[in-house]
Amino acid sequence: MALIRDFFIELDRRWKQTQAERIPLRVIGSTALMLHTRYERRTKDSDVIETDFLTEPVRVALLDIAGQTTELHRRYGMYLDIVARAIPFLPHPPAYRLVESLENLKNFSVDALDATDVVVSKLKRFNANDAGDVEAMVNMGVVEHARLIERFKSAVDGYELDARVEELPKFIANFHVVERDWFQVPETRIDLPDWMDDR
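So the sequence shown is numbered by our numbering: it starts at 33 and just counts up by one.
If you are wondering where the hints come from, they were derived from the structure by calculation, not from laboratory data.
Any given hint might turn out to be false.
Computed cross-link-like contacts, DSS-like style, restricted to lysine-lysine with a CA-CA straight-line distance of at most 30 Å [unchecked claim]:
#1 185 - 156
#2 156 - 48
#3 138 - 202
#4 48 - 76
#5 185 - 138
#6 48 - 202
#7 156 - 202
#8 156 - 138
Derived Cβ-Cβ restraints for the label pairs, each shown as a range [what the hints assert, rightly or not]:
#9 167 - 189: 41 to 51 Å
#10 196 - 125: 18 to 28 Å
#11 92 - 54: 13 to 23 Å
#12 135 - 198: 40 to 50 Å
#13 221 - 95: 40 to 50 Å
#14 161 - 133: 20 to 30 Å
#15 209 - 173: 31 to 41 Å
#16 34 - 202: 15 to 25 Å
#17 181 - 35: 30 to 40 Å
#18 217 - 101: 39 to 49 Å
#19 189 - 215: 17 to 27 Å
Where is the CB? At the ideal position from N, CA and C, for every residue including glycine.
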């Protein structure tokens, strides 16, 4: 976590633009887990969700300082990646919390996605790193089963109008893996839209 904290502190130090208020950065993914908990693992990028505050000039400046192949990337072994807001699978509304260790930055306010919501988002792709992150959050007692059900259902409800709605059965199957293998509880029934087969 110290490395990630230092990365954002250095980004803040190198920022040359002036603005009336600090720019909100909303961090998601494994970086959010490491900013909010004692969990640590190597990560190549720090995902920041696209918001209205990240205007094109701000985006360009951020990536010029902390994007791929920058000096900051070489120094810290990680880079800033701006993720389109439509991409993640998230509860509605997503829960972000201020990162207290970064509250004294001059140019940015850094909020990280709540750990439970990060776990929900990882059920979309659920590759080996995602599964490892989720298992760690369960084993550390950071994520409670009842709360995860609530937030997962919220994400499912919000996804029903998405063009990618047919991916939902895969997300639900991933959720059931978490319940069976790590919480060691029976699978929770998650209802799909009426027009879809209940798979």
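Each hint tested on the structure:
{"no.": "1", "hint": "185 - 156", "in the structure": "13 Å, holds"}
{"no.": "2", "hint": "156 - 48", "in the structure": "37 Å, violated"}
{"no.": "3", "hint": "138 - 202", "in the structure": "42 Å, violated"}
{"no.": "4", "hint": "48 - 76", "in the structure": "25 Å, holds"}
{"no.": "5", "hint": "185 - 138", "in the structure": "37 Å, violated"}
{"no.": "6", "hint": "48 - 202", "in the structure": "44 Å, violated"}
{"no.": "7", "hint": "156 - 202", "in the structure": "8 Å, holds"}
{"no.": "8", "hint": "156 - 138", "in the structure": "35 Å, violated"}
{"no.": "9", "hint": "167 - 189: 41 to 51 Å", "in the structure": "26 Å, violated"}
{"no.": "10", "hint": "196 - 125: 18 to 28 Å", "in the structure": "20 Å, holds"}
{"no.": "11", "hint": "92 - 54: 13 to 23 Å", "in the structure": "18 Å, holds"}
{"no.": "12", "hint": "135 - 198: 40 to 50 Å", "in the structure": "42 Å, holds"}
{"no.": "13", "hint": "221 - 95: 40 to 50 Å", "in the structure": "43 Å, holds"}
{"no.": "14", "hint": "161 - 133: 20 to 30 Å", "in the structure": "23 Å, holds"}
{"no.": "15", "hint": "209 - 173: 31 to 41 Å", "in the structure": "19 Å, violated"}
{"no.": "16", "hint": "34 - 202: 15 to 25 Å", "in the structure": "36 Å, violated"}
{"no.": "17", "hint": "181 - 35: 30 to 40 Å", "in the structure": "33 Å, holds"}
{"no.": "18", "hint": "217 - 101: 39 to 49 Å", "in the structure": "45 Å, holds"}
{"no.": "19", "hint": "189 - 215: 17 to 27 Å", "in the structure": "22 Å, holds"}
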